[in-house]
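Trainee: Spelled out from the first residue to the last, the chains are:
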Amino acid sequence: MSKVAIAGHGTYGFGSDTNGRSDTEMVLEASMAALESADLSHEEVDSIIYTGQDAYDGSAISDGQRVSAAGGYRKPFMRIQNGGGAAIHQAVSKINSGKADVVSIVAADSVYADPRVLSWTSHEALYHRTMGQNNDQSFGLLATAHQQERGVSDETLAQVAEKNYRAAANNDVAHRQEAYSVEDVLEADRVVGPLTELMLRPNSFGAAVCVLVSESFAEERGNARSWITGTGLATGKYWYRDMSGRLEQPTLQQAASTAFEEADVTIDDVDAAEIAAYSPTLEMTSYEAIGLCAEGESSSLIEDGVTAPDGSFPVNLSGGPLATSPPNAGGIYRAIAASQVIEGDLGDGSAERVLLADNDMHLGEPGRTDAVMVLEGGAA
Amino acid sequence: MADELDPSVQTDAINAEYKYPFHWDLDFSLNIGEDNRKFFEGMEEKRILGKKCPDCGATFVPPQAVCVECYVETDEWVEVEQHGVVESYTACFFEFEGLPEPPYITAAIRVADSDICMLHFIDGIEYEDHDELVEKLHKGTEVEPVWADEREGHIRDIKHWEPVEK
Amino acid sequence: MSRDVAVVGVGYSEPESFTDYRFSTQSKEEQAFTAVTNALDHADIDADDVDATMFCTVDGFEGTFRVERTLEVLGLGNDVPVLSVNTGGTAGGSGVKVAHEYIASGKYDVAVVYGSPSFDSVVEAQPVMNTNADPLFERNFVTAIQMGALPSSGYMEISGATEEDFAEVAAKNYRAGARNPYAHRNEERTVEEILDSPMVCWPLRRAMTCPVSSGSAAMVVVSEDIATDVRDNPVWIDEIDSTSNTFWTGYRTYDWFPKLKELSDQVYENADIDDPLEEFDVAETFNPYIPFEMMEYEALGFCEKGEAKHLVRDGVTDRDGELPVNMSGGTLCTNSGICASLSRHSEVVLQLMGEAGDRQVEGAKKGLSHSWGANLGQFHQMAIFSTER
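Protein chains in written order, with this note's numbering: chain U, 1 to 380; chain B, 1 to 166; chain S, 1 to 389.
One or more hints might be untrue.
Straight-line alpha carbon distances no greater than 30 Å define the calculated DSS-like cross-link-like pairs of lysine-lysine that follow [claimed, not checked]:
#1 U:Lys75 x S:Lys261
#2 S:Lys305 x U:Lys75
#3 U:Lys99 x S:Lys365
#4 S:Lys309 x U:Lys99
Because the hints were derived from the structure by calculation, they are not lab data. Please read these numbers as outputs of a predicted model, since none were measured by experiment.
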């Protein structure tokens with residue numbers, strides 16, 4: 001499989017409001033910025049993939065509303081609802097099938113509604129919605145299991161959040177840019193189980209656009225910012241069977257191993273990661289799922305600061321979803337952040353290979369889809 | 001754009017002239033199929049039913065039309081023991097429409113020897129704070145259902161589950 | 001590096017499930033499992049060999065947001081990735097397109113495309129469909145029926161097509177639907193009966209508009225090696241593509257489908273089609289409002305602009321005509337949910353396999369399928385299928 005380049009990207013925001021901008025205005029601004037950074041005109045874009053979702057947009061078939069601003073008029077316009085990572089996974093195949101050389105991946109978040117209620121409407125109607133199941137409750141169920149089975153303390157969970165906020169303080173597009181301390185995190189309002197407000201995502205508004213191009217196109221134009229050399233995708237089961245199994249994040253394991261295999265690398269060859277971890281529990285168990293440490297050893301990575309911004313394997317130099325979480329655009333933004341780590345715009349610029357692990361767990365953990373990719377440097 | 005707003009601030013309180021309130025409230029009527037209909041009929045009679053996979057023998061409570069491991073339709077109904085084991089739980093500290101006053105405890109409960117867990121409430125535990133709850137409720141805690149007096153063929157015909165008195 | 005891609009299996013939920021949504025009792029799991037297992041059986045492919053599933057729907061119509069997350073049967077028991085594809089009425093065709101790209105690129109070898117019934121849990125369909133219109137301006141004035149009526153009345157003006165022509169096309173679809181066990185409407189209706197049905201929104205009478213149905217479809221799409229391995233008569237995807245119009249309808253012309261004409265010109269150029277009427281043996285087009293079928297004849301190049309009335313009056317697109325169109329009964333008779341856009345494809349596939357039962361057009365070797373969707377037909381999608389590659 002040929003590698004595909006990230007040639008350009010653009011964002012608007014992120015924050016707790018759109019600053020009065022409409023969805024169209026934000027998409028237009030982010031798209032223009034992405035095309036400019038890729039040194040492309042909108043005529044050169046072959047195909048668009050939109051990653052927003054109806055309920056978050058407050059309209060059925062909401063992708064239709066974004067066509068013009070995303071530059072999709074008179075072009076193929078696809079929508080993949082499993083998030084930005086899955087859309088990139090599809091775009092890579094689209095390019096490798098010869099159907100397109102330039103694909104723009106687009107999303108925005110502009111409509112305010114209670115995200116916990118929207119998540120609730122995505123859960124099974126007869127047995128789970130009746131029990132109030134939603135994203136936060138699913139994170140709470142996992143957090144309890146994690147603490148009981150692995151003896152993880154509240155303080156360790158707070159340290160995970162703190163190191164994300166420490167990174168976000170140096171990211172001028174992050175939604176939460178305050179470097180909250182471990183005490184701040186622990187003292188924030190408790191939401192569910194051991195998880196406080198600051199151990200869970202904010203609801204962010206803004207837009208993100210990422211432009212992918214084929215290897216030959218990137219070489220001809222010399223506009224590669226980073227290369228996607230491997231991708232993997234997996235969807236998990238919805239019904240709870242056993243929590244220990246869920247803590248292992250088998251779909252992340254599976255998607256990561258496919259991506260590693262395709263890129264012909266192992267975790268030892270990777271320098272940093274952007275992980276869509278919607279709670280400290282999920283971030284810690286992700287370390288184990290991607291093979292950064294053995295099962296149950298993630299606490300020591302946190303204690304030792306290995307995954308902190310100045311650690312040997314920084315995770316979420318962007319601040320991750322705890323700092324910035326636009327539900328439609330989050331995956332695209334994380335891919336942009338991963339590229340920026342390689343480009344040297346996030347972190348110290350030393351990373352040559354970055355793992356991006358996206359998923360759609362903003363809706364909750366059951367039935368999640370994980371999309372993993374390996375990004376590498378080496379501009380064309 | 002980094003300001004952290006208090007959750008109580010309503011969105012139309014900010015930049016109101018740029019906001020267009022609308023409501024998306026549609027009525028749906030879900031077709032529940034034969035399996036769920038029969039399960040709920042059992043609930044009305046204070047019976048908990050499960051459905052079994054003809055290949056691997058796994059039992060599913062609540063019932064599943066298909067055993068996805070074997071990818072075959074389940075075919076045999078069994079009435080299961082009214083006994084559950086907590087797989088995990090969490091206390092919710094936020095208010096949610098149609099649900100009890102917070103904090104309330106939601107748990108994944110394995111009923112009898114079901115392959116999948118049932119989500120339900122756990123009550124009947126006195127606790128002052130989260131630390132005390134964590135002392136009293138564990139993975140493996142045995143629970144039993146407390147039935148509602150008025151039942152209408154619904155998962156909440158069980159009011160909640162409580163730890164079994166030892 | 002691109003590989004040839006074929007369809008090797010088609011499956012539907014039970015014939016009884018293709019019904020008025022109000023008669024439907026089956027759960028979404030049951031409908032999905034039946035359609036998917038029927039498609040896999042038809043393809044002679046084991047569930048364990050599936051690499052990915054495309055779930056095609058409109059979220060807002062389902063009653064559960066991202067409902068596929070709760071439907072484990074789509075993961076085929078083995079944590080198969082389930083891609084959620086939602087592009088309105090074209091979503092089924094979009095799912096085939098995504099599957100095609102995954103397989104052509106070499107990423108996957110076997111994909112299942114599933115078209116959800118979508119509307120099977122609504123109480124009233126019109127307000128549900130209306131949620132796709134622009135909230136600031138257009139939602140206040142139109143529902144889905146006006147989306148069908150506006151271009152239809154404009155088309156009458158410019159083409160000279162009459163109510164009788166529309167009724168004739170509808171009668172052809174009802175005759176075809178009567179031969180299709182998976183059609184929701186499967187009784188013949190005469191031109192007179194159609195013209196006697198109540199006027200809903202000029203010029204659309206009730207019998208010229210689709211019903212709201214349950215019932216679902218699935219298709220198995222595979223790489224070239226597997227295709228020739230599992231069956232003697234795989235159907236090859238020659239070309240598949242789509243295009244988009246503006247969201248706001250103020251930019252549009254309300255009298256035919258110029259964007260579909262642009263798309264078909266491009267698709268025919270890529271697939272070396274010079275004379276579609278001559279070269280295709282069957283076609284399935286998206287006709288939830290029956291005048292669309294005539295506009296589609298013109299946009300798809302079966303005749304010149306304004307000339308579809310002659311194809312209708314001469315029976316060119318009927319069973320015994322030169323190019324039989326919508327021998328399934330079309331969207332008018334089969335299913336209006338997202339299943340409808342997938343079944344436009346699966347019906348052409350069955351025809352080319354020679355396995356379309358009573359609706360079979362003898363000797364069909366090349367076929368065209370089309371789907372239409374989103375706000376006032378913002379998206380068009382087309383595929384060309386062939387028995388040869």
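Trainee: What hints, given by number in increasing order, does this structure fail?
Mentor: The structure breaks only hint 4.
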